[in-house]
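Number of protein chains: 2
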Amino acid sequence: MTNYHKPEAKLVQELRDIANKIRIHSITSTQTAKSGHPTSCSSIAEILSVLFFNTMRYKVSAPLDASSDRFVLSKGHAAPALYAAWAEAGLFPVKDLQNLRKIDSDLEGHPTPRLNFIDVGTGSLGQGLAIANGMAYVGKNYDKANYRVYCLIGDGESAEGSIWESVHFAGHYKLDNLVMIFDVNRLGQSEETSLGHDIDTYRKRLESFGVHAIVTDGHDVEELIKAFYTAAHTKGKPTAIVAKTFKGKYFPKIEDLDNWHGKALGDQADRVIAHLKTLIKNPGAPQVHPQKPLKDDAPSVNISNVQLSSPPSYKIGEQLATRAAYGTALVKIAQNNPRIIALDGDMKNSTFSEKLKQFDPTRYIECFIAEQSLVGTAIGAACRDRTIPFVSTFAAFFTRAFDQIRMGAISQTNVNFVGTHCGVSIGEDGPSQMGLEDLAMFRSIPGCTVFYPGDAVATERAIELAANTKGVTFTRLNRPNTPVLYPNDFVFAIGKANVVKQTDKDQVVVIGGGVTLHEAVTASTELSKAGIGVRVIDPFTVKPIDKETIIKNIKEVGGRAVVVEDHYYEGGLGEAVLSAVALERNIIVKHIAVPTIPRSGPPNALLDKYGLSAKHIVEAIQEILKL
Amino acid sequence: MTNYHKPEAKLVQELRDIANKIRIHSITSTQTAKSGHPTSCSSIAEILSVLFFNTMRYKVSAPLDASSDRFVLSKGHAAPALYAAWAEAGLFPVKDLQNLRKIDSDLEGHPTPRLNFIDVGTGSLGQGLAIANGMAYVGKNYDKANYRVYCLIGDGESAEGSIWESVHFAGHYKLDNLVMIFDVNRLGQSEETSLGHDIDTYRKRLESFGVHAIVTDGHDVEELIKAFYTAAHTKGKPTAIVAKTFKGKYFPKIEDLDNWHGKALGDQADRVIAHLKTLIKNPGAPQVHPQKPLKDDAPSVNISNVQLSSPPSYKIGEQLATRAAYGTALVKIAQNNPRIIALDGDMKNSTFSEKLKQFDPTRYIECFIAEQSLVGTAIGAACRDRTIPFVSTFAAFFTRAFDQIRMGAISQTNVNFVGTHCGVSIGEDGPSQMGLEDLAMFRSIPGCTVFYPGDAVATERAIELAANTKGVTFTRLNRPNTPVLYPNDFVFAIGKANVVKQTDKDQVVVIGGGVTLHEAVTASTELSKAGIGVRVIDPFTVKPIDKETIIKNIKEVGGRAVVVEDHYYEGGLGEAVLSAVALERNIIVKHIAVPTIPRSGPPNALLDKYGLSAKHIVEAIQEILKL
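Quick mapping for you: the protein sequence lines, in order, are chains A and W.
For the record, in the first sequence the residue sitting at position 350 is 350 according to full-length UniProt numbering, with numbers rising by one throughout.
For the record, in the second sequence the residue sitting at position 478 is 478 according to full-length UniProt numbering, with numbers rising by one throughout.
If we strip away everything but chain A, and leave its shape as in the complex, we get (with noise of 0.2 Å):
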């Protein structure tokens, strides 16, 4: 800290004018609106005005450059104060404000990609502090750039679990670059949060959590300004910023009451902006300008056209589970694209993640067992398209992250995520790790794509198709082993199913995913025996589906098909196909999935107890021939 100087009063000044600049913007936009959080954005608005106009170092001509320090308001219900922010700092008019909330605009309730200045969606709280995580760590790691990631926290999300994962993360990994600032304004939605003021507390707990806590008025510039300093000036941990601050500061008769959370201030906004404007010094333009990075030292990359560094190599009828594809497919497209990464959460030895792992450890981020932190730091070194991640786990396990997916969708990322161990064929481990609702899900995701691989040749594949593919994508993998169908020089697309047996006789088609595509290929052999011919679809991704060739190919058998899939009835594979012939008269669909919670046992035995086994889909062939 010896080379810290003390502000000058007149830039002190400044940016306490600018602070209420941002609060009479957040007033106004939200008076237009008639809904929003004003008293949110007030408490923020130093942090703001010194973050913006004194210790980042950003572009406001390219706002997402990689070389800039980015900023995530995990608190996404304080937009308007950081729209605010933007239009000071010259990004667009600050009449532009007024558009808020409205459905022609960009300037939504909450912060989404969709705005040029905008990383990541936010607004379910919790979840900023890991993406934030996802890009110290690329910026630390992989770009090994200058840039510096600052990340602010409402006290009301930090009772979020997920917090704290990330507070460990950013502490275990010593992300210098990282400033996570925690707005302390006491009162959350509906009552007083369970901390209130008590500052000491959050101080012990971030210490306590490998990271370096400094203690601040939040509303003080200069204190604030000290603060960051120091930040940056500390190196080998995190730095937390625990701000002390008001909800509704310098908005008479309503700072730091209940009852005020989430609407425009209505009849008191006059009264209140004619209070703020008697503050300000200088109404007119800001007088400080935002500070450029000091050099373009994040590298150039290149994550388009991934491909495998060598073709698939495997012989028909070889036992291998996909998720041993799985590993050889992650190096494989990881020894042609530096920035190919994997990430997991302490299951690496069975997801295969652990190849990549093996093949260059530098590019392997284990973030143990805290899915929500192993997904939004995903989501986080996605960001500025810097790196394109791999996210392993068991297919069960997503769940835990769901909320933070769903927001990745509305953050428009990039992350490929793999779940392993899905259905009752990984056997005698029980329910609690079989995905049997990941299929529902990830189909439920805005624009996911989703594969189902039905082997070893299908998974390379699927993994190369994912690397280049735009928006979320879900791979299922197994744990059995299933022999290998597809010849190494099969040609698999997005959207298009295959055939993988059939007949010029066949009677009904049989559509199944990954181990249960294998039960309907041995229940075809079983029933050309007796002269039923049994067609065999592979849709190879569950999301699209293949239309087309399921409304062909029913339609060339006289109407008849079954669905089996190893997921619960609801929102998987059956009813995928559903959707795809809901307008088709004369199709039939017989649908067999698992029917309750399965239990403990050998995965055949499963298989076959909840009827998705080759015997079983025999009797439902049977059955729908009648019909």
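These aren't lab readings, by the way, just hints derived from the structure by calculation.
Here a beta-carbon is modelled for each residue, glycine too, at the ideal position from N, C-alpha and C.
Please note: incorrect hints may appear among the correct ones.
Facing chain W, from chain A, some residues (calculated, C-beta under 7 Å) [said to hold, decoys possible]:
1) E108
2) T399
3) P483
With the hints as your guide, set chain W onto chain A.
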């Protein structure tokens, strides 16, 4: 601690012996099963021995007795050790332990309440403490009984943020009848945990979260006895015992080594068992026995036959949000049953759960912004049929606790979830706050009853039915006002759809839920002017869906249906209907849902923009009539 007496040497040796018997059983049962986690069992052997044979007060004859101490094994993969403790305590023959993981045995790979001594399923990590909190909160505040709650947590899973949400809850509510034991055995599944044996950091973190932390040697029976005694005499805060342990303790050449997670010992088993036998002084049946509860002081509780204290009282056409009717219904059932409770995550003024708090503050549990803790606490509170919990927040935010809800179903819980602010109809707050995948999520939960009441009358009855329904329930509610459709004496039933509009000359069925039901009614009225009869069906429950009524009505109108829902396309009402008609020829269904990530805007503008308004339903009907 003045009354503490050092235990006699004989007792100490006996408890050591029991610990080593637990180790041997864990090895032999996983050997027979050829899978499982014997090393994870070994680290907790002394903890279980001391708890089950010295500390805890319970009835072996009635393991889920209301007045007995509770034990939650959060690290569920150590199930074989827990099963062994109960067998040694005399609940079932020791030889039955060899049925571990067999398909016809309830001794599953992870604990399940199919067993008569298990309250909740565990195995997805980091969830046990929230459940223990729920039990302890009920014991302290509702039962006002002497039973105590013990929760054993792995160090690997303590990386889960949910654990820290729960530690905070326990501290905040001063649950001094709760003891959390952290089994710090250093090793995760695939590598060392991020904190390893840094016991002091665990202690600091726990203390900063409001807990009395005691550091012990987890393999020292005397230290453990003393620690549990101290915990029992600590008032005003929960105690955390930080037990330093070793994975595979007393397994020579395996203890404290990597690569021994989750596997039977194989050819090392005989050698290890031989060594363990040398440590045992008394190889026969235990000479110490569990202590019974001092008194049967948990009150008897009746959670059956819950009824509204007065029938719904609305006027047809009256404008009211179904979320508001929820608050009314909650108070009405609470008036008739003292064990109705409500939990919320700082959304009570939006979800109207605050109405119960206003009626009886003792029956409202504020869980702050920590949805995983919120859901887990409710599951704990419901255990042993002590309460009927209603858990509310925005429908979107239940995605945060999908894993807990999934495990709740495995736990056979009776928790009722209530999700408000579903769909684009919430308006300006934007997509982060909109529940658009909640139906997909809850439909995928086995046995879950999914209510989607169409008005205030239906909502009151849905809540009444939910209170009486076994298994998980979910009720989906709207933010905006909608008109009352049903007379106050209308009788609703689970799985029974209601035809809300019909003529003899209908040409199409429209099925809608919540806001879209009202849009469908409007569309029907509109088209009737053009002489087109449109039958409108309210499903009331999306799961189970009323297959019979739906098929019958669609057939009556000639095989055409339109389904319109304020939800994404996948996994919701539309696919529920498609599943219902899957085996019907000559039925076609046009499905309208939210096609993409929505924007901020006024509710009605959004309904129109995303194709859900009456105008679009009219268009869809006109289209399907051409097919």
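How the hints compare with the structure:
Hint on E108 (chain A) holds. Least Cβ distance to chain W is approximately 4 Å, under the 7 Å limit. At a threshold of 7 Å, the smallest CB-CB gap from T399 (chain A) to chain W is about 4 Å, leaving the interface hint in force. A distance limit of 7 Å between C-beta atoms decides the matter here; for P483 (chain A) the minimum to chain W is near 23 Å, and the interface restraint is violated.
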